[in-house]
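Peer 1: Listed here are the chains, written in short residue letters.
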Amino acid sequence: MMQTLETDVLVVGGGATGAGCVRDLAMRGIRAVLVEKGDLTHGTTGRYHGLLHSGGRYVTKDPQSATECAHENVVLRRIMPHCLEDTSGFFVITPWDDPDYGDVFVANCRKTGVPVQEIPVAEALRREPALNPRISRVFEVPDAAADSFLATHSNALSAREHGALILTYHSVVDLLREGDRVVGAVVEDLRSGEHRPIRCAFVLNAAGAWAGKIAAMAGVTVTVIPGKGTMVAMNHRMVNTVINRCKLPADGDILVPIRTVAVIGTTDVHVPDPDVYGIEPDEIQFMLDEGEKLVPGFQHYRALRAWAGVRPLYKDQDVASDRDISRTYKLLDHEQRDGVAGLLSIVGGKWTTYRMMAQEAVDEIARKLGNTTPCRTHEELLPVPPTEAPGHQASATPRLMFWMGKPLADVEREHAYGDLICECELVTKARVQAAIDSGAANLDDVRRDVRMGMGPCQGGWCIYRTAALLFEQKQASGLTNANTNAALLHFLQERWKGLTPVLWGDQLRQARLDELIYVGLMGAHRLREHAEQGGGLVTDHPAVATEYVKA
Amino acid sequence: MHYDTIVIGAGLAGLMAALARAERGERVLLLAKGHGTTHWTSGCIDLLDAGDDPLAAIGRLAAEQPEHPYALAGTVALEQGLERLRAACEAAGYPLAGSPGRNVRLPTALGALRPTCLLPATMVAGEARQLADGRPTLIAGFHELRDFFPPLIAANLRDQGLHAEAAYLGLPPVERSHEFGPMIFARLFERTDFRAAIGEQLATLVRRGGYARVGLPAVLGVRRATEVVRDLQARAGALVFEIPTLPTSVPGVRLFQALHDAFLAAGGRVQLGSFVLRGEGAAATLTVIISEAAAREQRHRALRFVLATGGVAGGGLRADHTGVLQETALGLPVRAPGGPSEWFAPRFLDEAGHPIFRAGIAVDDQLRPLDAAGRVAYHNVAVAGSAIAGCDPIREGCLEGVAIATGWKAGLL
Amino acid sequence: MDHIELSLTQSLDHCIKCNICTSACPVAAVTDKFPGPKYVGPQAQRFRRAGQPVPDDSVDYCSGCRVCNQVCPTGVRIAELNARARAQIVAERGLPLRNALIARSELIGRLSCGPHAPLVNFGLGFKPARWAVDKVLGIHQDAPLPRASRSSFRAWFARRRRSLDARSPGTPAQPSRQVVYFHGCATNYYEPEVGKAAVAVLERNGFEVILAEQNCCGLPLLSNGAFADARKLHEANVRKLLPYVRRGIPVVGTSTSCTLTLKEEAPELLGLSSEEVHAVAAGTYDIFEFLRDLADRDQLNTEFRPVERRLPYHPPCQLRAHRIGRPVLDILALVPGLRLDESRNECCGIAGTYGLKREKYQIGMDVGAGLFAFVRGSGSDLALCDSETCRWQITHGTGVRSKHPIEILAEAYG
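Residue numbers (numbering that gives the first Met the number 0), protein chains in the order written: chain A, 0 to 550; chain B, 0 to 412; chain C, 0 to 413.
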């Protein structure tokens with residue numbers, strides 16, 4: 000066992016909430032360590048549709064969550080402009096929706112503080128020509144598109160700048176208890192298999208859908224209902240405004256233009272375990288059908304891939320269905336609740352409210368620690384990670400919000416088109432190298448950092464290129480060709496999982512061409528015997544296995 | 000215009016069929032949406048990934064799987080087609096080496112060793128048995144070429160017991176500075192000054208490292224590759240061989256050009272950019288095919304037709320989101336395995352491949368398309384290449400072999 | 000087929016990133032100022048949207064030759080995506096004066112054509128003048144400009160009609176069939192002999208040639224991104240031609256670029272989908288396409304006298320974009336003794352007005368180098384090509400005279 004690490008607060012979970020917590024702690028001068036069993040955003044944060052909520056979706060069923068979203072919408076626009084695209088959002092009443100809900104919606108927006116304005120249908124159709132012309136009313140709200148990968152990395156970068164330690168690929172294997180108090184945890188470094196104790200005054204459980212599993216290690220019951228939401232990314236943006244159905248929240252009723260794609264979501268299926276779930280063909284078909292109601296011809300657009308995330312719904316009372324569970328969050332002080340000191344859980348909530356959740360949790364811990372430094376996370380601009388294009392980092396404050404053409408403008412300015420490693424998402428060699436340098440433990444991490452492999456060809460060209468660059472860059476520090484082969488095979492399989500639910504038309508053709516490249520031209524399968532996990536990579540570990548199990 | 004034969008599809012199968020018919024004195028139109036699978040593949044001729052003797056293995060395969068395209072085409076068509084291809088390549092100054100009775104293994108851009116059968120002379124020195132002679136091999140490339148990475152190739156070759164090292168070469172001064180794809184490099188290599196600068200670097204490396212041979216990305220010239228390789232060998236003082244890059248594959252383009260030129264020399268006509276929408280006919284005879292054109296459709300009449308539009312990758316077969324597979328040009332019946340839930344294996348690199356890619360058009364031993372009941376759908380249509388059901392040419396390692404055998408057979412019928 | 004029905008923007012969904020277009024692109028082959036059709040086309044398109052600043056410039060180096068469309072195995076309308084992207088740039092930043100000038104071919108033609116043409120031609124042949132035009136306007140001093148004609152084709156046609164009427168007063172024997180001839184700017188102002196040949200050929204086939212009112216097809220404006228002005232021209236042509244099309248009278252043109260614009264470019268790029276626009280598109284033919292249709296129906300007059308010549312022929316990009324094969328080869332093969340050698344070169348490099356521009360002239364010449372070598376290597380003193388700007392470029396690049404194939408066909412009718 001390695002030497003014990005001492006800190007004030009151990010944050011468990013490297014999603015939006017955990018990263019937000021560790022930043023807030025560090026900015027208040029509280030020593031903090033964050034552990035995450037996979038990469039940052041490996042869990043639900045990296046698997047959501049990318050919507051910065053206006054709050055409109057919740058005004059009727061979940062007014063508190065609506066108000067929280069409306070508040071944080073303003074804050075996040077201020078602190079992370081580089082992660083947000085100001086798409087705006089429409090709530091539209093289609094022929095399949097209750098026309099009377101429109102007035103209820105507006106009234107409830109007013110009550111909950113969600114800015115709303117009805118606009119003429121003609122104007123909406125002029126701005127979004129692909130929209131169903133049969134919609135009867137349109138309400139505009141300040142929805143936006145959010146890059147949750149980038150936002151989490153920005154939070155983590157800020158936390159590091161303020162002295163926090165962030166350990167990815169570190170899985171909590173046990174919580175340390177002394178009497179009625181949790182005094183730390185034992186974590187396993189998945190890269191080396193080594194165990195390491197971390198002693199601290201408080202463990203802050205921000206593990207989202209996995210929070211119940213963490214709490215159970217301290218003998219405490221936290222009921223988190225993993226609510227699986229399946230999403231489909233379409234190859235290009237047929238709309239540039241977030242489109243919501245104006246009705247009570249249901250499946251397949253949001254279309255989010257984010258970066259180069261449009262994401263339709265989501266379903267909501269209760270799954271027993273956040274690590275074990277599949278994507279069912281009827282979920283996909285349902286979303287294509289629902290998409291058709293918003294954008295006629297939707298089924299004929301090219302679907303890129305499908306994925307699912309598990310919502311961390313906290314269940315503290317009897318509710319009729321999981322969709323009825325509040326989207327608001329809750330801070331659980333297990334000393335008061337369960338008589339176990341030194342452990343707090345921050346559960347539930349939305350990506351949009353991650354900062355508010357972090358603030359509330361850290362306020363409570365600071366109070367217990369006697370730290371009186373006020374929270375500043377709502378004021379201080381987040382830094383831009385080095386994986387972004389250089390122009391972005393250098394730009395003077397106040398920074399502009401992200402705009403769709405920016406990656407293209409960056410490449411054009413630098414004449415970097417010959418340097419593109421991922422051509423679909425315009426990722427240059429320099430950015431891939433920065434992602435590798437920032438500690439990527441496999442190619443999927445590089446994907447999350449820079450969107451490598453997320454475009455139409457789903458890695459057809461860039462998986463080979465990125466694997467080879469990884470080898471060239473890390474060879475001196477002990478990474479072997481066998482480790483590289485393992486990374487390549489791992490990522491090919493990662494992509495395949497998300498592809499199979501949407502393989503028809505052009506995407507099936509693409510998959511076959513990719514097979515021609517990797518099986519026919521490259522002979523990647525012939526390197527199986529020459530592949531092994533290691534060299535600082537995690538490519539095959541049960542703790543982070545994300546393989547969807549076919550139900 | 001009236002043609003004797005119209006061939007739909009400009010991949011290897013279509014080119015072989017078109018060439019065969021044109022050389023019989025027919026008026027032939029080769030009609031295609033665009034360039035074909037040749038541009039994506041290695042430029043080698045894979046016959047079958049099964050042991051050392053592919054021809055013998057094909058014989059056994061044909062006996063075991065009577066509906067396999069190889070069984071339907073027969074080995075005579077395969078061997079004749081291969082001979083004609085070799086002659087076309089020879090005429091283009093781009094000879095192919097190897098023999099149908101022997102598989103060889105060549106390094107890939109990942110450093111894996113893949114089996115193939117006929118290979119361009121420009122790749123011969125990279126054959127695995129030669130690499131295993133104990134003498135060192137240098138794998139060299141360019142930082143500017145993002146489709147080929149020497150260090151990983153060399154390391155993987157070393158893991159397989161071969162003595163290989165890697166180097167990056169400096170780019171000689173040229174007029175461009177931003178963009179260097181495989182075809183750009185291929186054109187640069189046709190310039191003497193460029194080769195001189197590369198040859199000088201190679202000679203230095205060879206002298207220092209005592210390399211017996213140098214593996215370079217397969218970008219050594221478009222139309223004069225054999226000459227380019229010979230010249231580089233002389234300058235480097237070592238054997239030089241090519242390793243295929245990511246697509247576009249320059250050796251694939253060379254194969255296409257050799258056959259395309261032979262077809263034109265035989266009096267054939269090529270029309271690219273034309274998507275075939277449908278056919279018209281009666282009594283199981285196809286009389287007209289209709290292609291998309293500016294403002295109106297174009298009608299093409301012929302006595303017989305060859306459908307060589309490829310499989311899913313080539314665009315001959317297309318699935319919709321409801322799980323229906325269609326043959327895109329003529330709407331012929333498609334034989335597909337089960338529904339979408341049975342189309343894919345859970346693992347991308349599953350040894351058996353994915354069942355969907357065995358889908359295609361069922362044909363008889365005259366390669367005529369069959370309907371669901373096994374009746375001939377059109378008596379004057381032959382199907383060639385990956386459009387035929389019953390084979391996964393990528394997984395079986397027979398992509399080019401099946402294209403040549405069925406394409407040539409369609410040209411003989 | 001969904002390939003056809005999907006709109007242009009949706010066609011980017013077909014791209015499987017295979018690089019076939021980029022390997023075939025004649026511009027990307029000679030300069031890396033142009034990153035290639037895949038990059039500027041379906042790839043960049045995923046980053047473009049209305050209402051944001053235009054993010055890219057390099058698409059302006061697309062010559063519009065459409066080789067990419069032709070070789071793309073999946074049906075992406077790359078050239079059209081590029082043309083639209085260029086129009087966005089123009090809409091945001093305005094049309095440079097030079098482009099505004101060279102895109103107005105009708106105006107320039109009208110100003111230079113006439114009795115003063117020798118003077119204009121002298122001026123344009125005068126080195127210092129060209130040097131000044133280069134420096135001031137950015138039109139390359141060596142770029143091929145046509146020689147204005149002393150008399151326009153329309154003026155010739157009107158004179159001829161008057162003299163025919165004078166010779167046989169009263170109603171002449173009505174030919175049973177009529178066609179509208181779309182001459183385009185080049186024939187009218189620079190090369191009336193092409194129009195005269197077309198009239199001769201059509202009359203030999205029993206057609207009465209109608210010279211309907213018409214104006215510039217707008218292609219130079221389209222390819223320079225000036226869509227609003229192009230739209231006015233196209234709508235005017237539709238108004239002028241529609242009455243004939245409605246009566247079943249086909250519109251036949253000798254300029255493959257004008258006919259392609261009427262058929263497809265203008266409607267598609269400008270998003271015009273009215274029934275009238277479609278009717279004119281469907282009623283428009285390239286002249287050799289029209290003649291081939293006659294031949295297919297056994298209605299072509301094939302009483303040719305032998306023309307013992309072997310000539311190099313370049314099928315221009317704009318003809319290939321019709322996607323109708325090689326009608327010139329099909330028809331001229333019927334002329335005894337005449338043999339054409341088809342150029343396999345993708346493009347002559349001029350691409351309408353592209354190769355005139357100072358910054359693109361050399362690119363155009365480099366693109367055309369293969370074709371020039373082919374023409375020179377033929378040893379012929381004459382080359383054939385269906386498109387006027389390509390003919391001027393071929394002559395500029397080789398010193399070999401060039402003609403429209405219809406002129407040879409007219410000769411064959413004697």
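Just so you know, these hints were derived from the structure itself, not from any lab. Be aware that a few hints might be false.
A few chain B residues facing chain A, derived, Cβ under 7 Å [as the list claims (entries may be wrong)]:
#1 TRP39
#2 LEU109
#3 ALA111
#4 LEU151
#5 HIS162
#6 ARG207
Quick list of the computed label-pair ranges, beta carbon to beta carbon [to be verified]:
#7 ARG338/C to VAL173/B: 49 to 57 Å
#8 PHE125/C to VAL173/B: 45 to 53 Å
#9 ARG338/C to ASP3/B: 15 to 23 Å
#10 ASP141/C to HIS142/B: 34 to 42 Å
#11 LEU247/A to ARG298/B: 34 to 42 Å
#12 ALA475/A to ALA49/C: 44 to 52 Å
#13 HIS299/A to ARG338/C: 57 to 65 Å
#14 LEU380/A to GLY50/C: 42 to 50 Å
#15 ALA55/B to HIS194/A: 50 to 58 Å
#16 GLU199/B to ALA475/A: 27 to 35 Å
#17 PRO172/B to TRP130/C: 50 to 58 Å
#18 ARG400/C to ASP364/B: 54 to 62 Å
All residues carry an ideal CB built from backbone N, CA and C; glycine is no exception.
Peer 1: Given a hinted range of 50 to 58 Å, is it respected by the beta-carbon distance of ALA55/B and HIS194/A?
Peer 2: This hint holds: roughly 57 Å between Cβ atoms.
Peer 1: Okay, GLU199/B versus ALA475/A on CB: inside 27 to 35 Å?
Peer 2: Roughly 29 Å apart at Cβ, these two residues keep to the hinted range, so it holds.
Peer 1: A closest beta-carbon separation below 7 Å is what the hint needs, so does LEU151/B meet it against chain A?
Peer 2: 5 Å, holds
Peer 1: With a cut-off of 7 Å on the beta carbons, see whether LEU109/B makes it to chain A.
Peer 2: 5 Å, holds
Peer 1: For the hint 57 to 65 Å, verify it against the beta carbon of HIS299/A and that of ARG338/C.
Peer 2: Because 48 Å falls outside the window, the suggested range is violated.
Peer 1: Against the range 45 to 53 Å, how does the distance between the Cβ atoms of PHE125/C and VAL173/B compare: consistent or not?
Peer 2: Given a distance of about 37 Å, which is not inside 45 to 53 Å, the answer is violated.
Peer 1: Could you say whether the range 15 to 23 Å given as a hint is met by the Cβ separation of ARG338/C and ASP3/B?
Peer 2: Given a distance of about 21 Å, which is inside 15 to 23 Å, the answer is holds.
Peer 1: Given the hint of 50 to 58 Å, check if PRO172/B and TRP130/C actually sit that far apart at their C-beta atoms.
Peer 2: With a Cβ separation near 31 Å, PRO172/B and TRP130/C fall outside 50 to 58 Å, so the hint is violated.
Peer 1: Quick one, is the ARG207/B hint okay against chain A at 7 Å, beta carbons?
Peer 2: Violated, because the Cβ-Cβ distance from ARG207/B to chain A comes to roughly 21 Å (cut-off 7 Å).
Peer 1: Let me know if the C-beta of HIS162/B comes in closer than 7 Å to any C-beta of chain A, holds or violated.
Peer 2: 15 Å, violated
Peer 1: Return holds or violated for the Cβ distance of ASP141/C and HIS142/B against the range 34 to 42 Å.
Peer 2: 37 Å, holds
Peer 1: Regarding ALA475/A and ALA49/C, is the given constraint of 44 to 52 Å on their beta-carbon distance met?
Peer 2: 48 Å, holds
Hints 5, 6, 7, 8, 11, 13, 14, 17 from the earlier list are contradicted by this structure; the remaining hints agree with it.
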